[in-house]
Structure formats: C-alpha cells, structure tokens
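Engineer: The listed protein sequences correspond, in order, to chains A and B.
Take the first sequence: its letter number 37 is residue 37 in our numbering, and every next letter is one higher.
Take the second sequence: its letter number 12 is residue 1012 in our numbering, and every next letter is one higher.
Because the hints were derived from the structure by calculation, they are not lab data.
Among these hints, one or two may not hold up.
Claimed, not checked - These stretches of chain A come out as covered by chain B in the derived footprint (C-beta under 8 Å, 3 or more residues): (1) 4-12; (2) 72-82.
To be verified - According to the in silico footprint, chain A covers these stretches of chain B (three or more CB under 8 Å from chain A): (3) 1025-1031; (4) 1116-1122.
As the list claims (entries may be wrong) - Partner residues aside, some chain A positions facing chain B, computed with beta carbon under 10 Å: (5) Gln34; (6) Arg38; (7) Arg52; (8) Ala56; (9) Gln59; (10) Glu60.
From the three backbone atoms N, C-alpha and C, an ideal C-beta is built for every residue, glycine too.
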Amino acid sequence: MTILYFAWLRQKIGVGEETMIVPDEVKTVADLIQLLRRRGPHYREAFADLARVRVAVDQEHTDFDTPITTAAEVAFFPPVTGG
Amino acid sequence: MTPHIRIQCEAFDLNDEVEALGHGRSDIGAVASFVGQVRGDDGLTALTIEHYPGMTEREIARHVDDATRRWPLLGITVIHRIGRLLPGAPIVLVATAAAHRGPAFAACEFLMDYLKTRAPFWKQEERGDQHTWVEARASDGEAARRWKP
C-alpha cells in the first residue's frame, strides 16, 4: 500500500510517500493511523489531533471508518486550502 | 463539450483563455470568469501551493461534470497554479460559457466554491523567514454547502 502525506503532515513525518505491507488486522483508516502512531514520535505528532487531519482512500475524500483492505493508496492531509 | 482542466506552474492569460473558450463558435452568449490572486496583505512575501497529483484532476473533473449536469454550459476552463507565487500573481482561473449569463455566473461560483473546499491543494504563506500553512476557513465550507442538492 502506498501512503501519502501532504502539507504539514508531510513536514512532521519527514516523507511525502512510503510503501508499506499492511498486516491483515489493519482493516480501516483508523486502524492504519494506530499502526502509524506506533512507528515513532513524528507520526504521533502528525496524528495527535485527528480533527485537523483529512483522508483520501484511492484518491477519494472519505472518513476514518473507511475499509482499506483492498486500497492501493491512502493519503493524509490537512483540510484543503486551494482556490 | 470538452472541459479544459490544467494544473500548472506557469502563469495564465485571462484574455487568451476566454478567447479559446469561444473560438469559432456563435452559440455562446455569455462567458463568466473568476481569477484568484495572491493577496499581499499582512506582510505576505510569497505563497507556495502544493497539490495531490492525480486526485486533484479527478476531483476537479468530478465537479466540472456536476456543473454540466446542473446548468446548460457550452464551455468550462479551470486552471490552478502550483509552486511559489508572489503577491499579485494569478493563482486560479475558472471560466464558464453558456448561451445566457445566469448559468455562466452560477457555474463559475459553484466551481470556485468546490475548488476551495474539495480540490486537494494546500497553501503555505511566507512572511520573510517565517513559513505558515494556511488554515481552512469555515466560511469556505459554508459557501460550498449552499450548493448541496
């Protein structure tokens, strides 16, 4: 699975993209966030306040309850500020 | 009608885009356009815009499709710049063409409201050495919600 980070999440975590083999017990976006938080303080800081984090699964806006067992790409980012 | 959607670093020219939208056709009676620019207030020295390649184009295309279902449009151009831009520089262009002004105005505003709240772009402001990410504004969310069916 490809995991992408944008804006300040990318800066806090230190990479914009990583590839992970996700264990079977990781079934939703929320499970993935728990797994990522265990990877170190940078991740815990990035995911400290989930009210400030948005997610897209396979390039579609969605929420933390979304299943990811068949997803190829999950992206985390702050609320968008284009236009 | 083939919409034109572009994500680019380069500047764009409003006149060229409006001209291209109506080129060789006589059925267009109205073109509405909006250009967003970098506002250099509060000592802002530059704005850097990043996006999510792939998702950005899909998300804009989805809302362009939605606009064409809501209004009888004859042409749509959406251009959003990325990279580092200086105060006064154009950031975004939405231009909509229709037979009459009503659909052109409405679709232009609709697309801007959705670009602000759904298209995956993020702005970072520079004030001298200080870099800060722009926070999303609640008023932009409210502006987009009024289009909900």
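Engineer: Using a Cβ cutoff of 8 Å, are there at least 3 residues of the segment 1116-1122 of chain B near chain A, or does the coverage claim fail?
Structural biologist: That given contact holds, which follows from 7 residues of the segment 1116-1122 of chain B lying within Cβ reach (below 8 Å) of chain A.
Engineer: Should the hint that Gln34 of chain A touches chain B count as held when the rule is a Cβ pair under 10 Å?
Structural biologist: 23 Å, violated
Engineer: How about Arg38 of chain A: closest beta carbon in chain B under 10 Å, or not?
Structural biologist: At 25 Å from the nearest chain B Cβ, Arg38 of chain A fails the 10 Å test, so the hint is violated.
Engineer: Using Cβ atoms only, decide whether Glu60 of chain A comes closer than 10 Å to chain B, and label the hint accordingly.
Structural biologist: Glu60 of chain A check passes; min Cβ-Cβ to chain B is 8 Å, inside 10 Å.
Engineer: With a cut-off of 8 Å between beta carbons, are at least three residues of the segment 72-82 of chain A near chain B?
Structural biologist: Answer holds; 7 residues pass the 8 Å Cβ test.
Engineer: Hey, does the Ala56 of chain A contact hint survive, CB to chain B under 10 Å?
Structural biologist: 6 Å, holds
Engineer: Closer than 8 Å Cβ to Cβ for three or more residues is the test here. Does the segment 4-12 of chain A pass it with chain B?
Structural biologist: Satisfied; 4 residues make the cut.
Engineer: Would you settle whether the hint for Gln59 of chain A is holds or violated, based on the nearest Cβ-Cβ distance to chain B being less than 10 Å?
Structural biologist: With a minimum Cβ separation of about 4 Å from chain B (threshold 10 Å), the hint on Gln59 of chain A holds.
Engineer: Taking 8 Å as the C-beta cutoff, is the stated coverage of the segment 1025-1031 of chain B by chain A satisfied by three or more residues?
Structural biologist: violated (count 0)
Engineer: How about Arg52 of chain A: closest beta carbon in chain B under 10 Å, or not?
Structural biologist: 9 Å, holds
Checked against the numbered hints above, the structure violates hints 3, 5, 6; every other hint is satisfied.
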